[in-house]
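Chemist: Grab the two chains, each in its own frame, and use the hints to assemble them into the complex.
What follows is the residue order along each chain.
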Amino acid sequence: DSGVTQTPKHLITATGQRVTLRCSPRSGDLSVYWYQQSLDQGLQFLIQYYNGEERAKGNILERFSAQQFPDLHSELNLSSLELGDSALYFCASSVEGSPDTQYFGPGTRLTVL
Amino acid sequence: GIQVEQSPPDLILQEGANSTLRCNFSDSVNNLQWFHQNPWGQLINLFYIPSGTKQNGRLSATTVATERYSLLYISSSQTTDSGVYFCAVDDRYGNKLVFGAGTILRVKS
Chain W
1 DSGVTQTPKH LITATGQRVT LRCSPRSGDL SVYWYQQSLD QGLQFLIQYY NGEERAKGNI
61 LERFSAQQFP DLHSELNLSS LELGDSALYF CASSVEGSPD TQYFGPGTRL TVL
Chain H
1 GIQVEQSPPD LILQEGANST LRCNFSDSVN NLQWFHQNPW GQLINLFYIP SGTKQNGRLS
61 ATTVATERYS LLYISSSQTT DSGVYFCAVD DRYGNKLVFG AGTILRVKS
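Protein sequence lines correspond, in order, to chains W and H. Heads up: the first sequence begins at 1 in the numbering used here, then just goes up one per residue. Heads up: the second sequence begins at 1 in the numbering used here, then just goes up one per residue.
Just chain H, same shape as in the assembly (with noise of 0.2 Å):
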């Protein structure tokens, strides 16, 4: 099946810092999302994103399809942007999404 792989496992950042978080994807895909998980266990959905380019206040992303990579960018961290940040992806045969490893980021004030 696809594979996911996001990178870097583990971020440190000062507060106001930015970071770029990297999801590798191993095969066409129609559907690729971005999840932050925060403390508390909930996922919330930032971006719906299979290719091309989205921003959300101080998150943004990018999907380049035919490479198989998508980028999120967080400016301008909070500590409330703490938490784990998951990339998954369905692959072309149905809807079920595979989800990465998940990069873990600590903002610290």
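This is chain W alone, in the form it adopts within the complex (with noise of 0.2 Å):
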């Protein structure tokens, strides 16, 4: 067990729809990455936020966005879903923003129908 966790751990929705997944990181932790894990592209980071700020962005479509509150659990939010969406959303923290262990949680699997 990593220590961080993530909600729901399965998701299935249809085309159109708007989701929202959750994170919460390990205790301590001020930082929270999200990756996308899909067939065809493989493990992609999406976007970094530190300490409620966001620090670095990746492939992120602009469907989907994502914030960290003042607890530091953060939430991922993709809307006007499409089928090649599904995938694997993986939660990661680490203590800082600087090189550091990141350390995965379970993930989010979402199928969209």
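FYI, nobody ran anything at the bench for these hints, they're computed from the structure. These numbers were taken from a predicted model, which means no experiment stands behind them.
Computed far set for chain W versus chain H, every beta-carbon distance over 12 Å: (1) V19; (2) G52; (3) F64; (4) Q67; (5) N77; (6) E82; (7) L83.
Far from chain W, some chain H residues (derived; all Cβ distances over 12 Å): (8) E15; (9) N24; (10) R68; (11) V107; (12) K108.
Which residues of chain W face chain H? A few of them, derived with a C-beta cut under 8 Å, are: (13) G42; (14) F45; (15) Q48; (16) F90; (17) Q102.
Using N, Cα and C, we set each Cβ at its ideal position, and we do this for glycine too.
Modeler: Here it is, written out as structure tokens:
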């Protein structure tokens, strides 16, 4: 158990819908990262927050947004869902935003029908 | 951006055998991690090893940063070692991890 929690574990929804994925980092970690794992793209970095502020952005679609709240949990919002958004979404956390071990949560498996 | 190549892409072992997985990266890194993704999809941290050598039980890893590669050694493999092994690095501009395509390991009993 990495100490990073993600909810829900599974999510099945329809095209065009909007969903919210939630992540709670390990106690004491200030930095949260979101990654997407799909069959065709592999594991890709989406976005990083550090102590409530956006720190780095990867290949995140405009339909996707994220935020980190004062209690340091984070939410990833996915809207206007398409079939291709079906993937495993991971959250990771680390103590700092600088080079440091990232610990991954169990992931949320999203299926868009 | 930084490129990460892992080899071999697939590996089938008999239980008890040893193996070496390789990760090559194209630029200097501040962070290198090895992960094991089990059949349930969980990504498990194995090593944080931007340089040097570490050991944890039957697993060990070595990163030669000056030559831009890392090796993961699995000794006396067990069926529970099956899964996908990923190498991931950041680049010197931030802490986002760039993942290799992974090595699929199957250990047969």
